[in-house]
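Asks: Sequence:
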Amino acid sequence: MKIKVLDQKGKSAGEITVDASVFGAEVNKALVHEVAVAQANNQRQGTKSTLTRSEVRGHAAKPYRQKGTGRARQGSTKGPHQDGGGVAFAPKPRDFSTKINKKKRHAALVSALSGKLADGEMIVLKDFKLKEPKTKLVADIVESLKLGEKSVMFITAGQDEVFLRGANNIPSVSVNTDKQISVLDIVTNKFLVLCVDAVKAIEEVHKS
Numbered sequence: 006m007k008i009k010v011l012d013q014k015g016k017s018a019g020e021i022t023v024d025a026s027v028f029g030a031e032v033n034k035a036l037v038h039e040v041a042v043a044q045a046n047n048q049r050q051g052t053k054s055t056l057t058r059s060e061v062r063g064h065a066a067k068p069y070r071q072k073g074t075g076r077a078r079q080g081s082t083k084g085p086h087q088d089g090g091g092v093a094f095a096p097k098p099r100d101f102s103t104k105i106n107k108k109k110r111h112a113a114l115v116s117a118l119s120g121k122l123a124d125g126e127m128i129v130l131k132d133f134k135l136k137e138p139k140t141k142l143v144a145d146i147v148e149s150l151k152l153g154e155k156s157v158m159f160i161t162a163g164q165d166e167v168f169l170r171g172a173n174n175i176p177s178v179s180v181n182t183d184k185q186i187s188v189l190d191i192v193t194n195k196f197l198v199l200c201v202d203a204v205k206a207i208e209e210v211h212k213s
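Just remember that the numbering used here sits 5 ahead of the position in the sequence shown, which is counted from 1.
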């Protein structure tokens, strides 16, 4: 199958032929969702911690007598409804990591890439080369591609420090490499912009 290639000004720069098993695969939304959630879980620190009623400092004495005060009966000042009391169902440190086997991760990535291309949310540029690491140069590319303020991830072939530094100050723009791209990256960004070399690198790894 063929994909259109644009230059940095958004004008046609020809076409490239890609493997349909990578960029034209059947989209499995359930699998993409499963892997994206697992990858999001794997990024969680799991360090939240608050005190339960048994851990709050203080005494467990009855604050006032059972009857005759006109107030609701209370057995402790540590209850969740008390000021300074413990937390009901308090979150504690835990491991959120979720195992994803290699076949699932591969199938979900291919499915997510194919879905982006089918939805018209994947753009292939001839290259990302910048003369200098300036934010304006990256902003001009985004404007030329008519991406507005939607979230966009640029996928480079290997580490491109010049482009990365140029994109750092644009909130809606992120940069990743062909080797680090994940299903979570694909589904959390509205647009993917890849250079030709990145497309070829991804195709080489994931083609069947």
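Calculated directly from the structure, the hints in this document are not laboratory data.
Nothing here was measured: the structure is a model prediction, and the numbers come from that model.
Some hints here could point you the wrong way.
[What the hints assert, rightly or not] In the DSSO-like style, the derived pairs of lysine-lysine whose C-alpha atoms are separated by at most 30 Å in a straight line are: (1) K184 - K155; (2) K34 - K108; (3) K16 - K108.
Asks: Check each numbered hint against the structure and report the violated ones by number, ascending.
Replies: 3
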